[in-house]
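S.K.: Hey, can you work out the whole structure from these sequences and the hints?
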Amino acid sequence: MRVKKSECPRQLCANIGWIQHTGEAIICVPFKTLIEVKSADAPVVD
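Add 645 to a position in the sequence shown, counting from 1, and you land on the number used in our numbering.
Some clues are possibly wrong.
As the list claims (entries may be wrong) - Taking lysine to any residue pairs in the SDA-like style, the calculated list, with each CA pair at most 20 Å apart, reads: (1) Lys649 - Phe676; (2) Lys677 - Pro654; (3) Lys650 - Glu669; (4) Lys649 - Asn660; (5) Lys649 - Ile680; (6) Lys683 - Ile672; (7) Lys683 - Ala670; (8) Lys683 - Ile661; (9) Lys650 - Val674; (10) Lys650 - Ala670; (11) Lys677 - Arg655; (12) Lys649 - Pro675; (13) Lys649 - Ala670; (14) Lys650 - Ile664; (15) Lys650 - Ile672; (16) Lys677 - Leu657; (17) Lys649 - Val682; (18) Lys649 - Leu679; (19) Lys649 - Glu669.
As the list claims (entries may be wrong) - What follows is a list of derived Cβ distance ranges for each label pair: (20) Pro654 - Ser684: 32 to 42 Å; (21) Cys653 - Glu681: 17 to 27 Å; (22) Lys683 - Ala659: 13 to 23 Å.
To be clear, the hints were calculated from the coordinates, so they are not data collected in a lab.
Virtual Cβ for every residue (Gly too), placed ideally from N, Cα, C.
M.R.: Dropping the structure here:
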């Protein structure tokens, strides 16, 4: 998944590109949004 277009001024979330692996994330601070790839099979690691 990816953020194709954003209305925030710096476009950092859109510039990250595609994420597809467990643990990868896209964060948009101005819109307080977190998109994270999770897996039901993967163990949780802190």
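S.K.: Each of the hints needs a verdict: does it hold here or not?
M.R.: Hint-by-hint comparison with the structure:
With a C-alpha separation of about 15 Å, the suggested pairing of Lys649 with Phe676 holds against the 20 Å cut-off. Of the pairs offered as hints, the one joining Lys677 and Pro654 holds, with about 14 Å between alpha carbons and a cut-off of 20 Å not exceeded. For the suggested pair Lys650 and Glu669, the alpha carbons sit about 19 Å apart, so the restraint of at most 20 Å is met. Under the criterion of a C-alpha separation no larger than 20 Å, the hint pairing Lys649 with Asn660 is consistent with the structure, at around 9 Å.
Pair hint Lys649 plus Ile680 holds up; C-alpha atoms about 13 Å apart against a cutoff of 20 Å. Pair hint Lys683 plus Ile672 holds up; C-alpha atoms about 15 Å apart against a cutoff of 20 Å. Pair hint Lys683 plus Ala670 holds up; C-alpha atoms about 9 Å apart against a cutoff of 20 Å. Only pairs whose Cα atoms come within 20 Å are accepted, and Lys683 paired with Ile661 is accepted, the gap being roughly 18 Å.
For a cut-off of 20 Å, the pair hint linking Lys650 to Val674 stands: about 15 Å separates their Cα positions. A hinted pair counts as satisfied when its Cα atoms are at most 20 Å apart, and Lys650 with Ala670 qualifies at roughly 16 Å. Simply put, Lys677 and Arg655 have alpha-carbon atoms about 14 Å apart, close enough for the 20 Å limit, and the pair holds. Note on Lys649 and Pro675: the hinted pairing holds, with a Cα-Cα distance of about 16 Å set against a maximum of 20 Å.
A C-alpha spacing of about 14 Å is found between Lys649 and Ala670, which places the hinted pair at or below 20 Å, so the restraint holds. Distance hint between Lys650 and Ile664 is fulfilled; the C-alpha atoms sit about 15 Å from each other, no more than 20 Å. Distance hint between Lys650 and Ile672 is fulfilled; the C-alpha atoms sit about 14 Å from each other, no more than 20 Å. Annotation: proposed proximity of Lys677 to Leu657 holds, straight-line Cα distance about 13 Å (limit 20 Å).
Simply put, Lys649 and Val682 have alpha-carbon atoms about 17 Å apart, close enough for the 20 Å limit, and the pair holds. Among the hinted pairs, Lys649 with Leu679 is consistent with the structure: their alpha-carbon atoms are about 15 Å apart, no more than 20 Å. Straight-line distance between C-alpha atoms of Lys649 and Glu669 comes to about 16 Å, which keeps the hinted pair within the 20 Å bound. For Pro654 paired with Ser684, a C-beta distance near 33 Å keeps the hint of 32 to 42 Å intact.
Against the hinted window of 17 to 27 Å, the Cβ-Cβ separation of Cys653 and Glu681 comes to about 18 Å, which satisfies the hint. In this structure the supplied range 13 to 23 Å holds for Lys683 paired with Ala659, their Cβ-Cβ distance being about 21 Å.
Violation of the numbered hints given earlier is absent; every hint is satisfied by the structure.
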